[in-house]
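Novice: As a plain string of letters, each chain reads:
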Amino acid sequence: MSYTLRGRIESRLAALLPVVAVACVLMAVMHRWWPVQAAGLMLAAGLALDVLVYDRVLRYQPAWASLPLGALELGILLGLMRVLGAMAPLWAALGLFAGGWLLAQLLGQAGFPLLRLGYAEEGGELGRVGLVAALAVAVALTGAGATAYAGRAPVVYLAAGVHQGPLVITRQEILVGDPGAIVRGGIVVRANDVTIRGVTVVGGDNGITVEGVRGTVLDGVSVSGAKLDGIEVQGAGIMIKDCTVDMHGNSLGKGIEISYNMGMGMSMVEGCTVVGGMEGITTHSSMTDIVHDRVSGTEMRGISVTEMSMGTVMDSEVSNALGIGIYCNDRSMCMIEHNTVVGTRPDVASGNPTRRGFAVLASFQSEADLRDNQLDSNPVPMGAVINSRIAATH
Amino acid sequence: MSVAVVGSGLAGFTAYQALRRGGLAPEEIAVFGTEDDPAGAFRRRAAAIRQRRMRSESDGHCLPATFPGLAARSALGRRSPAPLVASALDRYHPTLEEFLSHVERVRERSGWERSLHSGRIERVRAVDGGFELDGNGPFPHVLLAPGQPGLNVPEELRADPRVVHAYEQHEYARTVTVIGAGLAAATEWLNALEAGAEVVSVRRREPIRRTLNVPREYFSRRGLAEFHRLGADERAARLRTLLAPSYPRGAAWDEPLRRAAAEGRFRVESSLNGCEQVICATGFLCGFRHDAPLARLVDDHGLETVDTWIVVAADGTVPALTDATRTLALAGAPAQWAFPAADTLAGARYVGHGFLRRIKACRTR
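If you're matching them up, the sequences are chains A and B in order.
Letter 249 of the first sequence, counting from 1, is numbered 249 in the numbering used here, and no numbers are missing.
Letter 344 of the second sequence, counting from 1, is numbered 1344 in the numbering used here, and no numbers are missing.
Hint data in this document are derived by calculation from the structure and do not stem from the laboratory.
Incorrect hints may appear among the rest.
[To be verified] List of simulated lysine to any residue pairs, SDA-like, C-alpha gap at most 20 Å:
no., chain 1, residue 1, chain 2, residue 2
1, A, K227, A, I174
2, B, K1360, A, R116
3, B, K1360, A, R128
4, A, K227, A, M262
[What the hints assert, rightly or not] Here are some chain B residues pointing at chain A (derived, C-beta under 10 Å):
no., residue
5, F1042
6, D1059
7, L1089
[To be verified] Pulled from the structure, derived: some chain B residues nowhere near chain A, Cβ distances all over 10 Å:
no., residue
8, E1155
9, I1208
10, R1229
11, L1239
12, P1245
13, D1307
Virtual Cβ for every residue (Gly too), placed ideally from N, Cα, C.
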């Protein structure tokens, strides 16, 4: 079909209208902003491509071109969502896009030509229907945006200086630490959709405790001196980004522990540095991606994925761990890719043969798939024990 | 009856379907024509050149909406997605049988017979309340779809006993010269070669190779908007360029010619030679002057013309004879001033849609 620019825009808006409606419903039901954000980004990316690229390059667009153009738009959408930090579950976002794309094809090939007899010869223009669709999309997105804006979390700034904790957060908010802001005695999160950004936590039983809530984001937090764990997450959905956890002097605590949150969807630990402690990053019965992290100097294991967890350990560096670098244990399924594990020390004192310095160990009916990891500078690069399977490819 | 269609060929038939889709009952439409079968003339010409597939694609049908096209119908009929995939790749060209049976089905269920009045209209006159058609009427809204005015045989060959037009029934002699460079010529090259003849192609220019009659953007507003903005002389020049003979690309066309050329059975020459048979694949007579009713219409009402074309509005209506109360529109080749590919099914649909819009907007309908 040879679209006019107006035809492209009107067809896109009309086809996107049901997607926007679904996104608004999802937002209302789930109390999550990402569906509308995704629909808005789909619209923005599509319109930009229509105006800047498609209209100039494609004087005629064969039906098959919808596939590569759809893939291009999906790539741009995912990139934008990542850049803008949209907190969308990947599969849900893909589902929304795929549904929208499929609907657009059905409408473009069948629905619109039946609705408007001259659709093809008018270059995809829809006349009044196009105008109404544009208005409806604008109203829906603006309304959803206004609703989200009105219901957005308040921002609380923590001034520089030491604040005595424990600080207990019981409402949705964004806690932003000014440079030099320190909470002594820990932070406890007890409300959904709390974001903590740029706060330093010193001491406390746990440095930060998150339990039974959704949508927590820890961004750029720094934790040290915790008596138990640095960051303790139980039954909660969380994204931890760019954190620092110092567990020196605490040989029984874990730097980051995420437990029993299978029902909360994917969690993520990304860009964190954990030093010391019994374990650097640990998951129990959890779906957590551990990406771009650095763990060093642990006394038991560097990174541990255990108790029927499913997760990815990717692009991370584990160094100087005692006994085991990366551990996939207890019926867990682990994707371990592009990691570097160096200097794992054999735990001779334990007398335990499974702690003789494995870079990666799969244990107790677990499955570990390894790809492109650097494991050479360790006493034992990899192993599988107690009915476990480990598969390595390069 | 408020609406008349003059011409019962495919152009009139396709426009008729748009009118029916627009809510007009068969009893509200009078179709004047000499044949019951809207595909009659097309069928004879296609048989003459032994055409097997349509040049048009999935939406080369007579229905008012592009969906469901022939590919979707074929996919359903065959229970195979192959036609849809071919259509998505712009590789779907329905067979002649598929197209003709489609026309037959549409004819049977559209009420065509109830609207059909046998007879050829010779004169269209604007009168109070619309248009009088050889004393019938008046009709407020008239669509003229007169069809092709006749076969074009070059003047210097008309008396040559070796000459046959491609669209007339014929067999092939041992040595055949085919004049022309369009789809009919290309089809005849292959036909004659298949019949064992030695073939010479005589043509004034190298054939243009493209899938459809005109570039694809001229089937939609994208190309048409710019076309409609052209001045009269520029538009006439553009039309001459667009309507130059062409036929599709592809090995199905090229490979037999390459093989025959290698065997010395196919060559291109600049003038006629001593062959036994001359096939004129030179299309149809062009221009309104070759169609007596159209010529009379122009002369009677002083309609604006440019070169061989009647000047029509973008929707195919004649501006001087169309206003808020009445409509005169052209379909088929005479509407090329509005739609360069007006002599295709897509062109007939385009004009049909424009005609329907005018009727619906008419306050006296």
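Novice: It remains to establish, for every hint, whether it holds in the given structure.
Specialist: Hints, one by one, checked against the model:
no.: 1; hint: K227/A x I174/A; verdict: 26 Å, violated
no.: 2; hint: K1360/B x R116/A; verdict: 14 Å, holds
no.: 3; hint: K1360/B x R128/A; verdict: 16 Å, holds
no.: 4; hint: K227/A x M262/A; verdict: 27 Å, violated
no.: 5; hint: F1042; verdict: 21 Å, violated
no.: 6; hint: D1059; verdict: 7 Å, holds
no.: 7; hint: L1089; verdict: 5 Å, holds
no.: 8; hint: E1155; verdict: 37 Å, holds
no.: 9; hint: I1208; verdict: 16 Å, holds
no.: 10; hint: R1229; verdict: 13 Å, holds
no.: 11; hint: L1239; verdict: 18 Å, holds
no.: 12; hint: P1245; verdict: 21 Å, holds
no.: 13; hint: D1307; verdict: 25 Å, holds
Consistency with the previously given hints fails for numbers 1, 4, 5, ordered from lowest to highest.
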